[in-house]
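Each protein sequence line maps, in turn, to chains X and W.
Under this note's numbering, think of the first position of the first sequence as 1, with each following residue one higher.
Under this note's numbering, think of the first position of the second sequence as 1001, with each following residue one higher.
Treat the hints with care, as some may be off.
Unchecked claim - Estimated spans, in silico, between C-beta atoms of each pair:
{"no.": "1", "chain 1": "X", "residue 1": "Q322", "chain 2": "W", "residue 2": "N1110", "range": "25 to 31 Å"}
{"no.": "2", "chain 1": "X", "residue 1": "K5", "chain 2": "W", "residue 2": "A1207", "range": "53 to 59 Å"}
{"no.": "3", "chain 1": "W", "residue 1": "E1361", "chain 2": "X", "residue 2": "D371", "range": "44 to 50 Å"}
{"no.": "4", "chain 1": "W", "residue 1": "E1298", "chain 2": "X", "residue 2": "Q334", "range": "52 to 58 Å"}
{"no.": "5", "chain 1": "W", "residue 1": "A1295", "chain 2": "X", "residue 2": "K5", "range": "56 to 62 Å"}
{"no.": "6", "chain 1": "W", "residue 1": "V1247", "chain 2": "X", "residue 2": "R245", "range": "49 to 55 Å"}
{"no.": "7", "chain 1": "W", "residue 1": "G1264", "chain 2": "X", "residue 2": "P111", "range": "36 to 42 Å"}
{"no.": "8", "chain 1": "W", "residue 1": "K1303", "chain 2": "X", "residue 2": "P99", "range": "55 to 61 Å"}
{"no.": "9", "chain 1": "W", "residue 1": "E1298", "chain 2": "X", "residue 2": "K5", "range": "52 to 58 Å"}
{"no.": "10", "chain 1": "W", "residue 1": "V1247", "chain 2": "X", "residue 2": "Q322", "range": "27 to 33 Å"}
{"no.": "11", "chain 1": "X", "residue 1": "R333", "chain 2": "W", "residue 2": "K1005", "range": "38 to 44 Å"}
Think of the hints as simulated: they come from the structure by calculation, not from any bench.
All values derive from a computational prediction rather than experimental measurement.
Don't be surprised by glycine CBs; every beta carbon is placed ideally from N, CA and C.
Protein chains: 2
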Amino acid sequence: MDTVKKQMFSLDSYRMECGREIPVTIGFETYGQLNEAKDNAILVCHFFSATSHAAGKYSPDDTEVGWWDALIGPGKAIDTDRYFVICSDTLCNIQFKNPHVITTGPRSINPQTGERYGITFPVFTYRDMTGIQRELVRSLGIEKLVAVLGPSAGGIQTLNWAVHYPDMMEACVVVISGAQMPVLTSLAYLQAAIDVIALDPKWKDGAYNEGEEPEAGLHLALSLMNLAAYQYAWYDDAFSRDAKRDVISTSYQSVPPFVQKFRGAVSERMLPYDASHYVYTARAAMMHDISRGFASLEEALGKIRARVLMIPCTSDLLFPPQYSRQAADIINRQGGRASYYEIDSPNGHMAGVVDAHLFAEPLAAFLRGQDIT
Amino acid sequence: MDTVKKQMFSLDSYRMECGREIPVTIGFETYGQLNEAKDNAILVCHFFSATSHAAGKYSPDDTEVGWWDALIGPGKAIDTDRYFVICSDTLCNIQFKNPHVITTGPRSINPQTGERYGITFPVFTYRDMTGIQRELVRSLGIEKLVAVLGPSAGGIQTLNWAVHYPDMMEACVVVISGAQMPVLTSLAYLQAAIDVIALDPKWKDGAYNEGEEPEAGLHLALSLMNLAAYQYAWYDDAFSRDAKRDVISTSYQSVPPFVQKFRGAVSERMLPYDASHYVYTARAAMMHDISRGFASLEEALGKIRARVLMIPCTSDLLFPPQYSRQAADIINRQGGRASYYEIDSPNGHMAGVVDAHLFAEPLAAFLRGQDIT
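Using the sequences plus the hints, can you model the full thing?
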């Protein structure tokens, strides 16, 4: 695949679910070629902490590739010799400090004031995100997508597409996700993250300056999310206890080596992140409930016209498989067409990203129009 | 059962694993009668946030009974017509403000200084706790216990008894626990709790005054633990989402009703708790590794002479069943006698406390000397 070019999409004004209107600018990437009929496009939506960089490299020297590079490329499950693939950065993208990310959020300058928005930036929802993506897709001249798909928060966006713009895609694939954010996940990893960042004295209600950021709060918030991303045995191996190196210090502040190792891993991961963007994204994830605006979950999922494929992972601790099963059942009970393909991996929730080879084949078949039973 | 009388046990000096020696005073309760041979005693160890009040009532007007009252009493699985049952308050008992709790910890007065210990109080381990309990048991003239048992942190104490004092009990029952604190649990619910409390500006390194306590930090810490105590469907029901009541406010600070309800529940639960005792207890739980001091986990568990019954719960998110299975297997591989009885309940980890009826029969049989297969 050729190196990837980052592109930009702007709207002078977008009206959000909360009622506020703001100008938005987001980055996006594309892989493959849009055909003349403009009917070979696939939209990929990224997960919580990711960016639009779903595949390929920005330059030949890059050591890393996009997060779903295993699926997206010439001859791969999402075949860029056949499809035109789009992926955009979310609003309030957490990786605000990543030079490749283009986003609008609390750290952006409010054109009306010339100052950072801070927490005057309106709370966004993933429904807002899909509305903005729809404008991006239409700006490219595309009226109907072959598919919309994504893992985790990418699955949340996919479901929003399926429910709110039911005629704009033929197929949807919802990986490691569900129709409503589980209450446990909402409270333990999302609301807790917001509360932890807000507890940091440096948070200053989002008005912190560069270099004076609430790093302790953000580190803790990210720790919580990271600890749901895999599963028990994975953590036992990755940060293994070693009682021979435990020092029963007199002080509660001294920590054993496995804690130090984990803290170091989180600190590294945290480098491109911004705390207020983390708060807003956690908020959006927590407020995910596809039934909002409908009389019931059944009514909401009943709006879907696309073929749907739910792909959960057995050991997922953020979105356990029962939520995918429930969504598929509700869709099918109402005459919809939902398939279910569960993957089993020791990587928990992250299997939806790092073990994409486990569902590449059924995904490719599904995109080609085959049923997955 | 007669109303329960709170008793007190003191040692002028106890040498802790960390090397410090301090005077300790803890409360304890007993149910039933110690026989003449002093060979009918059972020690029950309490879980993380509990107290010595394992059964019965302090007064006839009490609305609540002890946490394992379903198991402990005349004719019950732990039959007080037959056994003399002891339960003690832990060091640094979290319910410092509970008038029935007698404990020693950072909020206690250091007799040498006349001031609260604060964080000069030495970090304790659950091994220390069992050493102190052993002195209590011996002070009652008891040389060998019929059994030691408990759920969760009570199981941790039980395993410490079994490994370090192998000749002092005939049987051990380890409920919803394991030989080492899982790394995920250690990091997500225990170290995170310590870090969250320490982040609260009112923490002041444990030197807060009454009325100026780090409540926000403690509330968050307790929230995290509470969110692992049950399991996904339980939370979905207890604090149900209701999209019709969601307000997509512009402000990140407004929370939906299910979050408010959860916060209220945590605030209520928090009333008798102390933040520094929470830190120390979280620390003790996190440092649970029965292999400490041995060449390996195998060697440690190989020290056990007692019959052992492991009782995990299928849906446990703090100590998933594989940890109990692993401990039982290691004991049996080395010629020990470990049985395994898994309960299935929608109550997750808490089933070991609130669903005791699910294992009352095998427990009673096991205490009577029968094998559980």
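Right, here's what the structure says about each hint:
As the Cβ distance of Q322 of chain X to N1110 of chain W is approximately 51 Å, the hint placing it in 25 to 31 Å is violated. One distance hint, 53 to 59 Å for the beta-carbon pair K5 of chain X and A1207 of chain W, holds here, with the actual separation near 57 Å. About 48 Å separates the C-beta atoms of E1361 of chain W and D371 of chain X, a value consistent with the hinted range of 44 to 50 Å. The given range of 52 to 58 Å is respected by E1298 of chain W and Q334 of chain X, whose C-beta atoms sit roughly 55 Å from each other.
The hint said 56 to 62 Å for the Cβ distance between A1295 of chain W and K5 of chain X, and at roughly 57 Å that hint holds. Take V1247 of chain W and R245 of chain X: their Cβ atoms lie about 50 Å apart, and the range 49 to 55 Å holds. The supplied range of 36 to 42 Å is met by G1264 of chain W and P111 of chain X, whose beta-carbon atoms lie about 41 Å from each other. At about 57 Å, the CB distance of K1303 of chain W to P99 of chain X agrees with the hint of 55 to 61 Å.
The beta-carbon spacing between E1298 of chain W and K5 of chain X, approximately 57 Å, falls within the hinted interval of 52 to 58 Å. Range check, V1247 of chain W to Q322 of chain X: about 28 Å between beta-carbon atoms, so the 27 to 33 Å window is met. Between R333 of chain X and K1005 of chain W the beta carbons are some 59 Å apart, a value that contradicts the proposed interval 38 to 44 Å.
In summary, the numbered hints that this structure violates are 1 and 11.
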